[in-house]
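Peer 1: One letter stands for each residue in the lines below.
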Amino acid sequence: DTAVSQTPKYLVTQMGNDKSIKCEQNLGHDTMYWYKQDSKKFLKIMFSYNNKELIINETVPNRFSPKSPDKAHLNLHINSLELGDSAVYFCASSQDTGTYNEQYFGPGTRLTVT
Amino acid sequence: SQQGEEDPQALSIQEGENATMNCSYKTSINNLQWYRQNSGRGLVHLILIRSNEREKHSGRLRVTLDTSKKSSSLLITASRAADTASYFCATALTGANSKLTFGKGITLSVRP
Numbered sequence: 096d097t098a099v100s101q102t103p104k105y106l107v108t109q110m111g112n113d114k115s116i117k118c119e120q121n122l123g124h125d126t127m128y129w130y131k132q133d134s135k136k137f138l139k140i141m142f143s144y145n146n147k148e149l150i151i152n153e154t155v156p157n158r159f160s161p162k163s164p165d166k167a168h169l170n171l172h173i174n175s176l177e178l179g180d181s182a183v184y185f186c187a188s189s190q191d192t193g194t195y196n197e198q199y200f201g202p203g204t205r206l207t208v209t
Numbered sequence: 189s190q191q192g193e194e195d196p197q198a199l200s201i202q203e204g205e206n207a208t209m210n211c212s213y214k215t216s217i218n219n220l221q222w223y224r225q226n227s228g229r230g231l232v233h234l235i236l237i238r239s240n241e242r243e244k245h246s247g248r249l250r251v252t253l254d255t256s257k258k259s260s261s262l263l264i265t266a267s268r269a270a271d272t273a274s275y276f277c278a279t280a281l282t283g284a285n286s287k288l289t290f291g292k293g294i295t296l297s298v299r300p
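Line by line, the protein sequences are chains H and F.
Sequential numbering from 96 applies to the first sequence in this note's numbering.
Sequential numbering from 189 applies to the second sequence in this note's numbering.
Worth flagging that the hints you see were computed from the coordinates, not collected in a lab.
Where is the CB? At the ideal position from N, CA and C, for every residue including glycine.
It is possible that part of the hints are untrue.
[To be verified] Label pairs and their computed distance ranges (CB to CB):
{"no.": "1", "chain 1": "F", "residue 1": "269", "chain 2": "H", "residue 2": "123", "range": "32 to 38 Å"}
{"no.": "2", "chain 1": "H", "residue 1": "150", "chain 2": "F", "residue 2": "204", "range": "41 to 47 Å"}
{"no.": "3", "chain 1": "F", "residue 1": "257", "chain 2": "H", "residue 2": "195", "range": "33 to 39 Å"}
{"no.": "4", "chain 1": "F", "residue 1": "244", "chain 2": "H", "residue 2": "157", "range": "39 to 45 Å"}
{"no.": "5", "chain 1": "F", "residue 1": "238", "chain 2": "H", "residue 2": "205", "range": "31 to 37 Å"}
{"no.": "6", "chain 1": "F", "residue 1": "242", "chain 2": "H", "residue 2": "107", "range": "43 to 49 Å"}
{"no.": "7", "chain 1": "F", "residue 1": "214", "chain 2": "H", "residue 2": "157", "range": "36 to 42 Å"}
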């Protein structure tokens, strides 16, 4: 069984469109994350939610809006897509916000904006 | 600026050899973690070392941490072709919840 799943795996869209990426974890974890990995493989955290509450919000354009309907789901909605949004987006989860927790990553969503 | 920086950026070795990868960071940490990423896949946690630990082992993996030099190394012994992947160090700062700051990664190629 997949622990952290994301849909879709690939997303190709045009500039200016709005798109969403969905993430679900079946590990019973309280904390979930969104990361962006650029073409040079640099991985940067965007958001983190703990039990549906936003706890980390890095300097991300407000075109990006995460939503957590319950603690097993964390979706990412992106408005007015730009070329620079092209990247691989990873969802991850951890047991809670404790600093000694390992994170479990989803397979990633490759977003290409043309 | 980035917290973790890995060195070298790329490493190519023969199967059976040992691979050593280094990570340096800038500020005091609570713990340091290493992750592996196979091509086109998500990251997989390998090992966590706490700031009060100096060395840790897991199977063919050995991690060291030198907080005075703000550096860590990951040693993979008797490498296999299946170890070909990118390896990332990630640091957790004290009091920073569960936030991890990742380095840019090291690309390891193990030639059969």
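Peer 1: Now tell me, hint by hint, if it's right for this structure.
Peer 2: Quick rundown of the hints versus the structure:
Checked against the given bound of 32 to 38 Å, the beta carbons of residue 269(F) and residue 123(H), roughly 35 Å apart, stay inside it. Judged by the Cβ atoms, the range 41 to 47 Å given for residue 150(H) and residue 204(F) holds: they are separated by roughly 45 Å. Between residue 257(F) and residue 195(H) the C-beta distance comes to about 22 Å, which lies outside the given range of 33 to 39 Å. In this structure, residue 244(F) and residue 157(H) meet the distance hint of 39 to 45 Å, their C-beta atoms being roughly 41 Å apart.
Between residue 238(F) and residue 205(H) the beta carbons are some 34 Å apart, a value that agrees with the proposed interval 31 to 37 Å. Taking 43 to 49 Å as the suggested C-beta distance range, the pair residue 242(F) and residue 107(H) conforms, at roughly 48 Å. Separation of residue 214(F) from residue 157(H) is about 29 Å and departs from the stated range, judged on CB atoms against 36 to 42 Å.
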